[in-house]
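Colleague: Line order of the protein sequences matches chains B and A.
1 is the number of the first residue of the first sequence in this note's numbering; add one for each residue after it.
586 is the number of the first residue of the second sequence in this note's numbering; add one for each residue after it.
Only true hints are included.
Computed from the model, here is a short list of chain B residues facing chain A with C-beta under 7 Å:
1) 39
2) 120
3) 246
Covered stretches of chain A, as calculated for chain B (at least 3 residues, CB under 8 Å):
4) 684 to 691
5) 793 to 807
6) 821 to 827
7) 1023 to 1036
Residues on chain A that point at chain B, a partial pick, calculated with CB under 7 Å:
8) 720
9) 811
10) 864
Just so you know, the hints here were simulated from the structure itself, not pulled from any lab data.
In this text, all values refer to a predicted model and were calculated from it rather than measured experimentally.
Quick reminder that beta carbons are idealized off the backbone N, C-alpha and C, glycines included.
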Amino acid sequence: MRVFAELMWFFKAHRRDYAVGVLFIIMGSALSLVPPAVVGVVINHLTNHTMTWRFLLAALGVIFGTAAVRYGTGYLWRVRVFGGSIRLATEIRDKLYAHFTKLSPEFYHHHRIGDLMAHATNDVQAIQETAGSGVLTLVDSITMGAMVVATMAITISWKLTVICLLPLPLMAFAVTRYGRMLHDRFMVAQAAFSDINDRVQEYVSGIRVVRAFGQEQWERRTFVDLSRDVVQKNVAVAKIDALFDPTISVIVGLSYFLAVAVGAVFVVQKTMNLGNLTAFTLYLGELIWPMLAFGFLFNTVERGSASWDRVKTLLAIEPTVVNRPEALLATPSGGIRFDIDTFRYPESDRLVLENIHLYVPEGSTLGIVGRTGTGKTTLMRLLLREFDLKNGDISIGGTSIYDVELEALRSAIAYAPQDDFLFSMSIHGNIAFQNPDASLSEVERVARLADVHDDIVRFQDGYETVVGERGVTLSGGQKQRVSIARALLQDAEILLLDDTLSAVDARTEATILGALKETRQGRTTLIATHRLSAVEHADQIIVLEDGCIVERGAHEELLRQDGRYAEMWGRQQLESLVEQGGAAL
Amino acid sequence: MSLELMDEPISQGQKGTFVRLVKYMGPHKGRVALALLLLGGATAADVLQPILVKVFLDRYLIPRHFPESHLILLGAAYLLLVLLTAGLNVLQLLIFQTLALDIIQTLRVELFDKIQTLALEFFDQTPVGVLVARITNDTQAILDMFMTVMSTFVQNIVVVMGVMGGMFALDPRLAVYCLLIIPVMGLVMWAYQKVSSPVFRIVRQRNAIINAKLNESLQGMAIIQAMRQERRLRREFGDVNEAYRQIRYRNTQINGLMLRPLVDTISLFALIVVLAFYGTQSFFHHINVGILFAFVTYLSRLFEPFNNMMDRLNFFQQAMVSAERVFQILDNPSRRPESAGDERPSIARGEVRFEDVSFSYDGETDVLKHLSFVAKPGQTVAIVGHTGSGKSTTINLLMRFYPVERGRITIDGHDLQSFSEDEIRAKMGLVLQDPFLFVGDITSNVRLGNEELDDQAVREAAQFVQADQFIDRLAEGYQAPIGERGATLSTGQRQLLSFARTMVRQPTILVLDEATASVDTETEDQIQESLRKMRHGRTTIAIAHRLSTIQDADLILVLHHGEVVERGTHQELLAKRGLYHKMYLLQGGLKESAVGQ
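Please construct the entire structure, taking both the sequences and the accompanying hints into account.
Modeller: Put into structure tokens, the structure is as follows:
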């Protein structure tokens, strides 16, 4: 029940809705006491032969009135209470989403997307149920139960009430117990289900191996076994499920039996009349729901509070990269200085960068080359403050990047990351991601710069073509060029290209680099690449190996040094010869 | 923009889908009948209870006539009926549920079997996640329909019929009035379905949008943050979230107006009718209070079934959408290449011949153009070329992953089509570039489902390819567990293991797709040594990335854009000083540029 207290902030914020809702629940419960009483009185008049037209009409009128009012209250509390719980779920989802946008990349290293999704869906759903049917059952089972019992005891017979209530706690017990067993077995069944999911996933991913080795029969047997296991575990669930309603009907039947049998004795003893007995059994019927609800309540609340705890824990995680106090608002500008003594990723022992001391003058181009995993991307991520340096500093125009606000820093930098992730929206939307209000002509301009305009207009819907699973699948090279166009639209002073030309051919690469050179005069560009032709014309090139700069200088200088760079250059020259050679033959 | 695209397929012919689903119950007729019988019994026992109470009231209590033995009998009968109802209900519920589970098992296996017969194109075109969702999640949704929708409907309809029967037994005249309840409730259900189903459909769509949006944002968070779009995306998410809230609220409103509150109201109206009937009667005739009592009890039982059914209506819709998707796969016409003709030759010598083979995946651009070559038994033919030159396609065709449409491939003079699937898989050993490993252990990955291969054979194969050295170093040896995609092993180790699983089958023809990924030098040497041993005495078709490994090949084909641009032995090709020569220089490194001339 603690979870209700913890959700009090929400109930308080929407106290009118909840107050009205709870009031109507109670009213509805009170009204449901009326018809049995009326039936009781009618029966008494019938047995005593004292029925009159007036009375009959009055009785029917009362029931009709009750029905009308109860319809109203029933509708109103549902809309208030369930509507409120839907609002709560919406608010929590918004909170979670906002929180996700604030968290630093470090967080995403530790959490799998699937798990985060589960929090935002299943957990939020469980909390919603607690605030909806949880509140309903809490209010209803207590007030309705209390009112019905009181009516039975006071207006009819307290003795009979006590006797007939004896079996009912069994019901709450059974419901709670079955509920828990169901939950446990359901978890087991879910695990089996997830096994078969994994297996199918593996089968589909490895389909070529399966076919090459003629494994089909064996795969089929495995699948059938796993599927049968799922069935068996679900049968275990079904066994409890099948007990649920019949158990309740036995307990209720027992109560009825007691009511009629013992009630008959009272009638004979003249301490009760027949009308009262009928009303009594009808009231007994009204008690079933509160008892059931009480059992459900435990399970709902248990699940809801576990979910709420998980969501709370998630919301409590602080972003690791934040604005420092007194950080400047002005967008930094000028040459970039890297003074990195050492850098390790959080919770990792491996040195990723070491002794990077480097100045990139304003308006110049820096080439960063080296094999995969030598720290090229890390250098860019540090400049963007995806991670913070502990030993060393990076400054732009003499101001440390840690002394400006994140917004200001990032507005100075346009970034085309290595992983060319596009959103499943139109190409226009993707290119104009940073500025959704950008005009079509502006979007076309940067698309031309990135040499992707011609590709785009060939699609049926041109710039409105949707990319991703539900739209067109772009080739790796097209994605990279869209991602470059997206970065160019930002028109920032600093441009980072992180191996974003790897999937385009040499000619396209040259076109793009030429266009960049022309339009980005006086502005700084950092290019990380495997392919040296991309940095051939850079003002300064660094060669990274195991996080250290092993060579630096301009292209010609590096060739003269006849070191790693020269070796890689020679190799790649030949490679491009082979690429073109076949056509030449 | 993308929001509208999330639309579900507009369900056409939901009736057809439903009928097709119901047909799956066909083989279980006996159990359905038994369950229905039990259900009928349980309902009858349930309906009899108020009648016993009525007998007690009218015959014994009101006349104050209490013969002990009768009363004990009556009481015992009542309690017995209570227990009987419960017992029969447990049984019939269990039968209905296991029946549903069995049907889903059948459907799942049918789907799996279907997928096994689909051509590889299908797998290339369908994202893994989508396919997995069809086999597991969609069938689960159909299960819900059998379990909750169908069984709920059948049961509750029987209960309604039973209660109506009881009413007729008590008082046919009044029961006729009560019969009106059924069309009224039918109308309510129809109206509810009409009003709620479009809304519920939007609920599901918007929920899917929220999930897609969230998933995508989490994946692209780095870009969102680098481009400072957090605020905009929060706003956008807030919008879809609010849209979802509104439609859920709408759904709640409809439920509030048309579900329980409405049913409760109708049940009170029914009570009014009953009371009015007896009240009016009482002015003219004598009334049996017991009948009134029993009637009122019946009324209270008559409406819960309608509540139950209406609660389940939305599941039905969801299940139909899933069923349609599942049937779409079951009806997919694509077939993997199969054996043709009556002759089933066997592969003995291993002579491979390509005759003017051309191939296109999309029917537009040819990725392979007029390829012809012969590999005599025991010879090695190596194929080199850059990415996209058609090397992998050659192997896809030879392994009969794709059908040969133009030209001809023969083995030992017989058309590739004429061989049985088993013969091809048994005699042609493929080593894939990506040594895909399955979750299991070393032995299971070598065996790959062929249980005739004993531990001895597995061990020998491992020794043959020199994988035994690293396996012996593992704590659990051949039983060492292998995680998802073999993540626990190094690339080289995975490669050796994939050799072992090919060699354990002792193929006549070896098809190699050499790995591009570089491995550490120590394993590299082992791999080369193993490859030499494997090729010995076998016809080998090899895609080579390292030219050093194929210097002794009997024929080297240089592919460029699907065409053979050079062919010959290593020495002949070097002498031509063409593309092969350049590639060779490239791989040998600059410093050894003089070698081979």
